[in-house]
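Chain by chain, the residues run as shown.
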Amino acid sequence: MALAVHKYDAVVIGAGGAGMRCSLQLARAGLRVAVLSKVFPTRSHTVAAQGGIGASLGNMEEDNWHYHFYDTVKGSDWLGDQDAIEFMCREAPKVVYELEHMGMPFDRNPDGTIYQRPFGGHSAKYGEKPVPRACAAADRTGHAMLHTLYQQNVKSNTTFFVEWMALDIIRDADGDAVGVTALEMETGEVSIFHAKCVLFATGGAGRIFAASTNAFINTGDGLGMAARAGIPLEDMEFWQFHPTGVHNAGVLLTEGCRGEGAILRNKQGERFMERYAPKLKDLAPRDFISRCMDQEIKEGRGCGPNGDYIELDLTHLGGETIMKRLPSVHEIGKNFANVDVIKQAIPVVPTIHYQMGGIPTSIHGQVVVPKGDNPSSVVNGLYAIGECSCVSVHGANRLGTNSLLDLLVFGRAAGNHLIETALSSKAFKPLPANAADFSLSRIAKLDNSTSGEYPQDVANDLRKAMQLHAGVFRTQKTMDEGVVKVLAIAERAESLALKDKSKVFNTARIEALEVANLMESAKATMVSAAARKESRGAHTVDDYGDTEAHPLGRNDDEWLKHTLWFSEGNRLAYKPVNMKPLTVDSIPLAKRTF
Amino acid sequence: MADTRTFEIYRYNPDVDAKPSMKTYEVELDGSERMLLDALFKLKKQDESISFRRSCREGVCGSDAMNINGKNGLACLTNMLTLPQKITLRPLPGLPVVRDLIVDMSQFFKQYHSIKPYIVNETVPPEKERLQSQEDREELNGLYECILCACCSTSCPSFWWNPDKFVGPAGLLAAYRFVADSRDHDTASRLDNLEDPYRLFRCHTIMNCVDVCPKGLNPTRAIGKLKEMLVKRTA
Numbered sequence: 001m002a003l004a005v006h007k008y009d010a011v012v013i014g015a016g017g018a019g020m021r022c023s024l025q026l027a028r029a030g031l032r033v034a035v036l037s038k039v040f041p042t043r044s045h046t047v048a049a050q051g052g053i054g055a056s057l058g059n060m061e062e063d064n065w066h067y068h069f070y071d072t073v074k075g076s077d078w079l080g081d082q083d084a085i086e087f088m089c090r091e092a093p094k095v096v097y098e099l100e101h102m103g104m105p106f107d108r109n110p111d112g113t114i115y116q117r118p119f120g121g122h123s124a125k126y127g128e129k130p131v132p133r134a135c136a137a138a139d140r141t142g143h144a145m146l147h148t149l150y151q152q153n154v155k156s157n158t159t160f161f162v163e164w165m166a167l168d169i170i171r172d173a174d175g176d177a178v179g180v181t182a183l184e185m186e187t188g189e190v191s192i193f194h195a196k197c198v199l200f201a202t203g204g205a206g207r208i209f210a211a212s213t214n215a216f217i218n219t220g221d222g223l224g225m226a227a228r229a230g231i232p233l234e235d236m237e238f239w240q241f242h243p244t245g246v247h248n249a250g251v252l253l254t255e256g257c258r259g260e261g262a263i264l265r266n267k268q269g270e271r272f273m274e275r276y277a278p279k280l281k282d283l284a285p286r287d288f289i290s291r292c293m294d295q296e297i298k299e300g301r302g303c304g305p306n307g308d309y310i311e312l313d314l315t316h317l318g319g320e321t322i323m324k325r326l327p328s329v330h331e332i333g334k335n336f337a338n339v340d341v342i343k344q345a346i347p348v349v350p351t352i353h354y355q356m357g358g359i360p361t362s363i364h365g366q367v368v369v370p371k372g373d374n375p376s377s378v379v380n381g382l383y384a385i386g387e388c389s390c391v392s393v394h395g396a397n398r399l400g401t402n403s404l405l406d407l408l409v410f411g412r413a414a415g416n417h418l419i420e421t422a423l424s425s426k427a428f429k430p431l432p433a434n435a436a437d438f439s440l441s442r443i444a445k446l447d448n449s450t451s452g453e454y455p456q457d458v459a460n461d462l463r464k465a466m467q468l469h470a471g472v473f474r475t476q477k478t479m480d481e482g483v484v485k486v487l488a489i490a491e492r493a494e495s496l497a498l499k500d501k502s503k504v505f506n507t508a509r510i511e512a513l514e515v516a517n518l519m520e521s522a523k524a525t526m527v528s529a530a531a532r533k534e535s536r537g538a539h540t541v542d543d544y545g546d547t548e549a550h551p552l553g554r555n556d557d558e559w560l561k562h563t564l565w566f567s568e569g570n571r572l573a574y575k576p577v578n579m580k581p582l583t584v585d586s587i588p589l590a591k592r593t594f
Numbered sequence: 001m002a003d004t005r006t007f008e009i010y011r012y013n014p015d016v017d018a019k020p021s022m023k024t025y026e027v028e029l030d031g032s033e034r035m036l037l038d039a040l041f042k043l044k045k046q047d048e049s050i051s052f053r054r055s056c057r058e059g060v061c062g063s064d065a066m067n068i069n070g071k072n073g074l075a076c077l078t079n080m081l082t083l084p085q086k087i088t089l090r091p092l093p094g095l096p097v098v099r100d101l102i103v104d105m106s107q108f109f110k111q112y113h114s115i116k117p118y119i120v121n122e123t124v125p126p127e128k129e130r131l132q133s134q135e136d137r138e139e140l141n142g143l144y145e146c147i148l149c150a151c152c153s154t155s156c157p158s159f160w161w162n163p164d165k166f167v168g169p170a171g172l173l174a175a176y177r178f179v180a181d182s183r184d185h186d187t188a189s190r191l192d193n194l195e196d197p198y199r200l201f202r203c204h205t206i207m208n209c210v211d212v213c214p215k216g217l218n219p220t221r222a223i224g225k226l227k228e229m230l231v232k233r234t235a
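If you read the sequences in order, they're chains A and B. Under the numbering used here, the residues of the first sequence are numbered 1 to 594, in order. Under the numbering used here, the residues of the second sequence are numbered 1 to 235, in order.
It is worth saying that the hints were derived from the structure and are not from the lab. The model shown is predicted, which means the values in this text are computed figures rather than measured ones. Just to be clear, a hint being listed does not mean it is correct.
What the hints assert, rightly or not - Keeping only pairs whose Cα atoms sit at most 30 Å apart, straight-line, the calculated DSSO-like set for lysine-lysine is: (1) A:Lys464 x B:Lys71; (2) A:Lys324 x A:Lys477; (3) B:Lys19 x A:Lys503; (4) A:Lys334 x B:Lys71; (5) B:Lys19 x A:Lys334; (6) B:Lys44 x A:Lys499; (7) B:Lys165 x A:Lys7; (8) B:Lys215 x A:Lys501; (9) B:Lys44 x A:Lys94; (10) B:Lys110 x A:Lys464; (11) A:Lys426 x A:Lys445; (12) A:Lys324 x B:Lys116; (13) A:Lys155 x B:Lys225; (14) A:Lys298 x A:Lys155; (15) A:Lys503 x B:Lys128; (16) A:Lys155 x B:Lys165; (17) B:Lys128 x B:Lys165; (18) A:Lys503 x B:Lys44; (19) A:Lys533 x A:Lys281; (20) B:Lys225 x A:Lys324; (21) A:Lys499 x B:Lys128; (22) B:Lys45 x A:Lys485; (23) A:Lys533 x A:Lys499; (24) B:Lys110 x A:Lys334; (25) A:Lys499 x B:Lys23; (26) B:Lys71 x A:Lys155; (27) B:Lys128 x A:Lys501; (28) A:Lys499 x B:Lys215; (29) B:Lys110 x A:Lys445; (30) B:Lys232 x A:Lys503; (31) A:Lys324 x B:Lys42; (32) A:Lys94 x B:Lys42; (33) B:Lys86 x B:Lys165.
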């Protein structure tokens, strides 16, 4: 049976902030663009971002992009590529102003400019003191941004394929991307999207962990598709633990709480961050704070009957500030912890939040892979932006507010690159004859399954294993054991049983297809982590502690390099970090203190 | 703490069912299921064919709206302690059912799109941000936070009778969100777009929308403002 073929100049997979910023650029230029999304666009996970968008507008205090650049490089523990970081920080004010012109309901200062709040790791004068840089719409910045971008796409007549799940990339004999296969959830049927360019904006894989701030849809679909198509995943060992996930619920409480003045306390009521980070205190970067919290808990200063959490105290901010600046935090406290944050501190624990690694790309969003001597050879027709990509601006640890910024800057940049080069010169390349066979065989395997495991049991075992073996504090032993365990679980995922074989909006079938993507993301994480014999950013390994030769366990002589993981054979390769910015001096390596 | 709940769920899978039916399930909860959504996952493990939408599980994406014991709400924000032993779940009323608790929301979004849900300001933007006073910005509070879950519109009798002609509370809330924005220059045509017997004026202030909104928003108030502006304009 011949499959339906949809033909578009560009196909964007994912309708979060990155995908919709890009599609907007393309639609405004008059291109035929299709955006595929597993959920209605405004339900994408960008909607859950709370705190703000980092940009050195300097609306409240003196600021400039050089400071932002420095903070981001230092925040990344020097694993971020300095060309990409310079590009992002320089573009930041422009993309924020553009978003404001699109109608984004930013909070305002008395002079009518955009309100900005301090955020973790963002400082003035190269680390001297916190600076308000996070452009905020209360604590609903992601929601406001995602809706604004959707609204602009409605205005520009972008074509959305809502509740379509992309399955696999179609590459031709030259290795160029010429389309994707996708499943329409409502009918359960597979179609082919034939395109000049395919752009992934599929978000992260936060659901490979048991306790995560991430939405259920964050199953690493783009990572799975890339890995299956022979494209490596970069720096997947680096996962950010957000310091303030609600204890036992995983729901995020924005760093904006601390930006507005909230503090972390141990069971003695002590503001312990003063001890660890005398300058930035509660506004040190996330990896640093998460480790300090874990340290407090380990040393018996955790709160609660089991001593297993830290308290986030907002009570001194006052009801008025909380209801004006942090209304959702108030709502979340009530709903998920039975706590009125105006009156009581709220129990929090470091919780998996963000994937720093992803599909390797250039600063234009082009997917790049090693080829011969070139570590970054472009895959024609294939782009990746946002959390699924690794450009790399976040390196070993992302600063808060740089994620929304990343979506805007690289969504726009990739859109412009698509318009200027790829699309103006290039005709449609023909589809290979067997374009959909691989996807169809994956589905047929599920549809014909008669015995095997319940997909969610396997997925839950994976999540438990990842939580245990790739957590805040890692040891070489637990990681090595984790590799064995995760590979065994991935083996089990090869024989899943689907009981419900119906087609119409079969969510069990969709979730089973997602399991394959979870497995690739988890294998990449575990294997890359066990191989990196140092501590850097979010990858902190007990075995590699603070020594004179390697301060804080970071080993620049051997490990100042990006990991590339290939699914086939679980192979690892490495490529150099770009220490050379575009126009300014490099930020030299230094010990990371705050 | 064992807690057995009875779920009565609207089931319809067009692939296999001739017509919809209500099916009953017993679910043993262990106390870790804080919200209805958590209990639904447990139920789905018993019968994986039960279908519903879900994503953020914290009440901001708007995916898991459904009719819970007769009232629309989000499964992820409905605390199990607030529900009786027997829980009846139906799809949002008034929209075509795709399968089980999943409805076809096309009509809902068509109405949302019909109000031109985007800012219109044809003046050349400044190099930096357009300035907006704090007072003007405050006008948007209670309007921009909508998550498009459709709890309101699908609880509105006027929307049930005329889903093709009446914009419905969610769409009208959005319409007023742009009218109220000091940066928007399109008020006149936005009001023109609502001036007919149905699009706006089918709201009879029944206020079900206010009662069910999981974000605590008040579409009726926004609708009142729009009506007032139209009446003033005619006078």
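Here's how the hints hold up against the structure:
Between A:Lys464 and B:Lys71 the alpha-carbon distance is near 36 Å, which puts this suggested pair outside the 30 Å criterion. Taking the CA atoms of A:Lys324 and A:Lys477, the gap is near 47 Å; set against the 30 Å cutoff, the hint is violated. For a cut-off of 30 Å, the pair hint linking B:Lys19 to A:Lys503 stands: about 17 Å separates their Cα positions. Straight-line distance between C-alpha atoms of A:Lys334 and B:Lys71 comes to about 21 Å, which keeps the hinted pair within the 30 Å bound.
For the suggested pair B:Lys19 and A:Lys334, the alpha carbons sit about 41 Å apart, so the restraint of at most 30 Å is broken. As the CA atoms of B:Lys44 and A:Lys499 are separated by approximately 12 Å, the hinted pair is consistent with the 30 Å bound. Our distance criterion of 30 Å between C-alpha atoms is broken by B:Lys165 and A:Lys7, whose separation comes to about 34 Å. With a CA separation close to 37 Å, the supplied pair B:Lys215 and A:Lys501 exceeds the 30 Å bound.
For the given pair, B:Lys44 sits about 46 Å from A:Lys94 by alpha-carbon distance, which is inconsistent with the 30 Å threshold. This hinted pair does not check out: B:Lys110 and A:Lys464 have alpha carbons roughly 42 Å apart, beyond 30 Å. Restraint check for A:Lys426 and A:Lys445: not satisfied, since their Cα atoms lie roughly 36 Å apart, outside the 30 Å limit. At most 30 Å may separate the alpha-carbon atoms for a hinted pair to count; A:Lys324 and B:Lys116 meet this at roughly 28 Å.
Between A:Lys155 and B:Lys225 the CA atoms are separated by roughly 25 Å; this keeps the pair inside 30 Å, and the hint holds. Between the alpha carbons of A:Lys298 and A:Lys155 the distance comes to roughly 53 Å, so the proposed pair goes past 30 Å and is violated. Of the pairs offered as hints, the one joining A:Lys503 and B:Lys128 is violated, with about 50 Å between alpha carbons and a cut-off of 30 Å exceeded. A distance of roughly 21 Å separates the Cα atoms of A:Lys155 and B:Lys165; the hinted pair therefore holds under the 30 Å criterion.
Distance check on the hinted pair: B:Lys128 and B:Lys165 sit about 40 Å apart at the alpha-carbon level, beyond 30 Å; violated. A hinted pair counts as satisfied when its Cα atoms are at most 30 Å apart, and A:Lys503 with B:Lys44 qualifies at roughly 17 Å. Distance restraint check for A:Lys533 and A:Lys281: the Cα-Cα separation of roughly 29 Å lies within the 30 Å cut-off, and the hinted pair is therefore satisfied. Proximity of B:Lys225 to A:Lys324 is assessed by CA-CA distance (about 23 Å); at most 30 Å being required, the pair is judged to hold.
Between A:Lys499 and B:Lys128 the alpha-carbon distance is near 56 Å, which puts this suggested pair outside the 30 Å criterion. Pair hint B:Lys45 plus A:Lys485 holds up; C-alpha atoms about 24 Å apart against a cutoff of 30 Å. Between A:Lys533 and A:Lys499 the alpha-carbon distance is near 43 Å, which puts this suggested pair outside the 30 Å criterion. For the hint pairing B:Lys110 with A:Lys334, the CA-to-CA distance comes to about 34 Å; that exceeds 30 Å, so the pair is violated.
Straight-line distance between C-alpha atoms of A:Lys499 and B:Lys23 comes to about 18 Å, which keeps the hinted pair within the 30 Å bound. Restraint check for B:Lys71 and A:Lys155: not satisfied, since their Cα atoms lie roughly 34 Å apart, outside the 30 Å limit. Taken as a hint, the B:Lys128 and A:Lys501 pair is broken in the structure, with Cα atoms around 55 Å apart against an allowance of 30 Å. A threshold of 30 Å between alpha carbons decides the hint, and for A:Lys499 with B:Lys215 the separation of about 37 Å lies outside it, so the pair is violated.
At roughly 38 Å between alpha-carbon atoms, B:Lys110 and A:Lys445 are farther apart than 30 Å, so this suggested pair is violated. For the hint pairing B:Lys232 with A:Lys503, the CA-to-CA distance comes to about 53 Å; that exceeds 30 Å, so the pair is violated. For the given pair, A:Lys324 sits about 37 Å from B:Lys42 by alpha-carbon distance, which is inconsistent with the 30 Å threshold. Distance check on the hinted pair: A:Lys94 and B:Lys42 sit about 47 Å apart at the alpha-carbon level, beyond 30 Å; violated.
Simply put, B:Lys86 and B:Lys165 have alpha-carbon atoms about 37 Å apart, too far for the 30 Å limit, and the pair is violated.
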